[in-house]
Amino acid sequence: MLVVAGTVPDPDYPLVCGEVLLEGAHVSVRGARAEVNRGTPALLAAAVLAARVLDRPGPTAWLVGDTGLGRGSRRLYAQLAGSPGPQGVGVFVFHYLQPDVDWHDRVLMAVQDLPGPPRLVADAGFMYAAKMSGQAGAYDLFTPDAGELAFLADEKAPHPFYTRGFVLHEPERAPGHIARAFEFGNAARCLLVKGAVDHVADSRGVLAVIDEHPEEAMEAVGGTGDTLTGLAAALMDSGLDTVRAAVLAARANRLAGSLAKPTPASQVLEIIENIPRALSAVLAEADLEKA
Amino acid sequence: MGIKSLFGLGSKADRKGVERGFLVFENTSEVIRAERVLRESGRRVRVMGPPPEIRTGCDLVVEFALMDGLDVLRELEAAGVAPLDLVPVESPLLKPVDMYQVKDFGAQLMVRAANMKITVDKSSLEIVNVSGGGCPDVPFLAGELAGRRLGDAPRPRDIGHTLCGYALDLAFEEIKRLCL
Numbered sequence: 001m002l003v004v005a006g007t008v009p010d011p012d013y014p015l016v017c018g019e020v021l022l023e024g025a026h027v028s029v030r031g032a033r034a035e036v037n038r039g040t041p042a043l044l045a046a047a048v049l050a051a052r053v054l055d056r057p058g059p060t061a062w063l064v065g066d067t068g069l070g071r072g073s074r075r076l077y078a079q080l081a082g083s084p085g086p087q088g089v090g091v092f093v094f095h096y097l098q099p100d101v102d103w104h105d106r107v108l109m110a111v112q113d114l115p116g117p118p119r120l121v122a123d124a125g126f127m128y129a130a131k132m133s134g135q136a137g138a139y140d141l142f143t144p145d146a147g148e149l150a151f152l153a154d155e156k157a158p159h160p161f162y163t164r165g166f167v168l169h170e171p172e173r174a175p176g177h178i179a180r181a182f183e184f185g186n187a188a189r190c191l192l193v194k195g196a197v198d199h200v201a202d203s204r205g206v207l208a209v210i211d212e213h214p215e216e217a218m219e220a221v222g223g224t225g226d227t228l229t230g231l232a233a234a235l236m237d238s239g240l241d242t243v244r245a246a247v248l249a250a251r252a253n254r255l256a257g258s259l260a261k262p263t264p265a266s267q268v269l270e271i272i273e274n275i276p277r278a279l280s281a282v283l284a285e286a287d288l289e290k291a
Numbered sequence: 001m002g003i004k005s006l007f008g009l010g011s012k013a014d015r016k017g018v019e020r021g022f023l024v025f026e027n028t029s030e031v032i033r034a035e036r037v038l039r040e041s042g043r044r045v046r047v048m049g050p051p052p053e054i055r056t057g058c059d060l061v062v063e064f065a066l067m068d069g070l071d072v073l074r075e076l077e078a079a080g081v082a083p084l085d086l087v088p089v090e091s092p093l094l095k096p097v098d099m100y101q102v103k104d105f106g107a108q109l110m111v112r113a114a115n116m117k118i119t120v121d122k123s124s125l126e127i128v129n130v131s132g133g134g135c136p137d138v139p140f141l142a143g144e145l146a147g148r149r150l151g152d153a154p155r156p157r158d159i160g161h162t163l164c165g166y167a168l169d170l171a172f173e174e175i176k177r178l179c180l
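So the protein sequences, as listed, match chains A and B.
Under our numbering, the very last position in the first sequence is 291; numbers go up by exactly one each time.
Under our numbering, the very last position in the second sequence is 180; numbers go up by exactly one each time.
Please keep in mind that the hints were generated in silico from the structure rather than gathered at the bench.
It is possible that part of the hints are untrue.
[To be verified] Cut-off 20 Å, straight-line C-alpha distance, at most; resulting in silico cross-link-like pairs (SDA-like, lysine to any residue): (1) K261(A) / G106(B); (2) K103(B) / V197(A); (3) K103(B) / L125(B).
[To be verified] The calculated label-pair distances, taken between Cβ atoms and stated as ranges, are: (4) P154(B) / S83(A): 31 to 41 Å; (5) V209(A) / A107(B): 43 to 53 Å; (6) G24(A) / I32(B): 52 to 62 Å; (7) G106(B) / A284(A): 49 to 59 Å; (8) S29(B) / Q87(A): 55 to 65 Å; (9) G185(A) / P51(B): 19 to 29 Å.
[What the hints assert, rightly or not] Just a few of them, taken from the derived set where beta-carbon distance is under 10 Å, the chain B residues facing chain A: (10) D68; (11) K103; (12) K117; (13) D121; (14) V130; (15) S131; (16) G133; (17) G134; (18) P136; (19) A142; (20) D158; (21) I159; (22) H161; (23) T162.
Note that the Cβ used here is the ideal one computed from N, Cα and C, for glycine as well.
Given these sequences and hints, build the entire structure.
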């Protein structure tokens, strides 16, 4: 089972846990609807569609409203630290949550106590907290962009807003930053670095460079990193090892973007709609390569 | 207070797991007023002696939760006691990412500041996309800004709460400077 914990940018959105339904331009959990434009709802929409292609159950989500004050995140943290269930979690994704190292540590301990334990994915605010906690190595996958990779590479930075001058947010520096992030213990076991060129790496270095279907406009489209994380998590939940899942997710996300023929004004829903076709094509191609 | 020094670097969380920063003021009476304002709004702050690097004539600073920077700044400005600077607890001389990157797509212009990007249609001046960032106010801010004309949109620093919100404000001001 794939479980995702994240937030919805609506202060009145309740704390809910349940199966995620995709209803047009909205995701719904226990009747609480959220628009799919970016953030955790975009991740969930991508994961729902990927699960259909993979013939897997859709994701279960812990969601709460939070517009940046952190109140919703803290409610969710308290819930997860006490009872992160449900049972049978294979992959647990943490997403747009207010970074808080103390709560991070409590939630991580609770999740590591689950049977399995599940493989762990962190992106966005929770990835920031995971790095700052010094426990990045407890995670199976981080999905940073170039700026977030610079933050992981700078062992002193508490947030991507701060990186020291020598750690520049430049995509061409990705291999060096990846090495530095691993050197200082600030990387998950696998990194999927998203950008104009995607990199998949582990402690040995860069394992794959994915540059097919380049679409310059994708950088401007909010939510494309969220869909990538959702794809990777769904592929991990299908049983693939983390590196393989990351590579296929990058390829599928790029193809979905290309199929949408994006402009800088495109919205992520236009890309999400192409995920089934793109993922099916990438999986078929991967099967051929294997054969 | 200069934009570049609005936030600083703190490499270690405090006992409650929250990154801490120092508010630096012109004089001690401002420190005391600021402490009262922030305590009255329910914030956990402490008055402390500053590290040597940031001594500016006042021998006290207010320690606060760095992630709350925008909210704290707003409260203090509203109370007429804006700080001279906000700096990190651990490494006060380190500065935030200080660069804008501008990408011209032809019909649209994108500006990136730190980890946040904003894209505007050059002819209509409509904000067409907001991307990047990972704090929970990013999707909220994107929802509030996207679809609005640049001149009519609220400033991210007025409705955001986090460092990502502040980075978006830098990008927002820069793209306004370029487009308006």
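To see whether the hints hold, each was checked on the structure:
1. Proposed proximity of K261(A) and G106(B) is supported: the alpha carbons are some 16 Å apart, at most 20 Å.
2. At most 20 Å may separate the alpha-carbon atoms for a hinted pair to count; K103(B) and V197(A) meet this at roughly 17 Å.
3. As the CA atoms of K103(B) and L125(B) are separated by approximately 15 Å, the hinted pair is consistent with the 20 Å bound.
4. Separated by about 38 Å at the C-beta atoms, P154(B) and S83(A) satisfy the suggested range of 31 to 41 Å.
5. A beta carbon spacing of about 30 Å between V209(A) and A107(B) contradicts the range 43 to 53 Å that was offered as a hint.
6. Hint check: G24(A) to I32(B), Cβ distance near 55 Å, so the stated range 52 to 62 Å holds.
7. Taking 49 to 59 Å as the suggested C-beta distance range, the pair G106(B) and A284(A) does not conform, at roughly 35 Å.
8. Between S29(B) and Q87(A) the Cβ separation comes to about 58 Å, which falls inside the hinted range of 55 to 65 Å.
9. For G185(A) and P51(B), the Cβ-Cβ distance of about 27 Å falls inside the hinted range of 19 to 29 Å, so the restraint holds.
10. Among the interface hints, the one on D68(B) holds; its C-beta lies about 8 Å from the nearest C-beta in chain A, closer than the 10 Å criterion.
11. For K103(B), the suggested interface contact is upheld, since its CB lies about 7 Å from the closest CB of chain A, less than 10 Å.
12. Residue-level restraint check for K117(B) holds (minimum Cβ-Cβ distance to chain A is 6 Å; threshold 10 Å).
13. Hint status for D121(B): holds, given a least beta-carbon distance of 6 Å to chain A, under 10 Å.
14. For V130(B), the suggested interface contact is upheld, since its CB lies about 5 Å from the closest CB of chain A, less than 10 Å.
15. Look at S131(B): its Cβ gets to within about 4 Å of chain A, closer than 10 Å, so that hint holds up.
16. For the restraint placing G133(B) at the interface with chain A, the shortest Cβ-Cβ distance is roughly 8 Å, inside the 10 Å limit, so the hint holds.
17. The beta carbon of G134(B) is positioned within 10 Å of a beta carbon in chain A (closest approach about 3 Å), and the interface hint is therefore held.
18. Because the closest C-beta pair between P136(B) and chain A is about 4 Å apart, less than 10 Å, the hint holds.
19. At a threshold of 10 Å, the smallest CB-CB gap from A142(B) to chain A is about 5 Å, leaving the interface hint in force.
20. The interface hint given for D158(B) is violated, since its Cβ lies 12 Å from the closest Cβ of chain A, which is over the 10 Å cut-off.
21. For the restraint placing I159(B) at the interface with chain A, the shortest Cβ-Cβ distance is roughly 9 Å, inside the 10 Å limit, so the hint holds.
22. Residue-level restraint check for H161(B) holds (minimum Cβ-Cβ distance to chain A is 4 Å; threshold 10 Å).
23. Taken as an interface hint, T162(B) checks out: its beta carbon lies about 5 Å from the nearest beta carbon of chain A, inside 10 Å.
The earlier numbered hints that this structure contradicts are 5, 7, 20.
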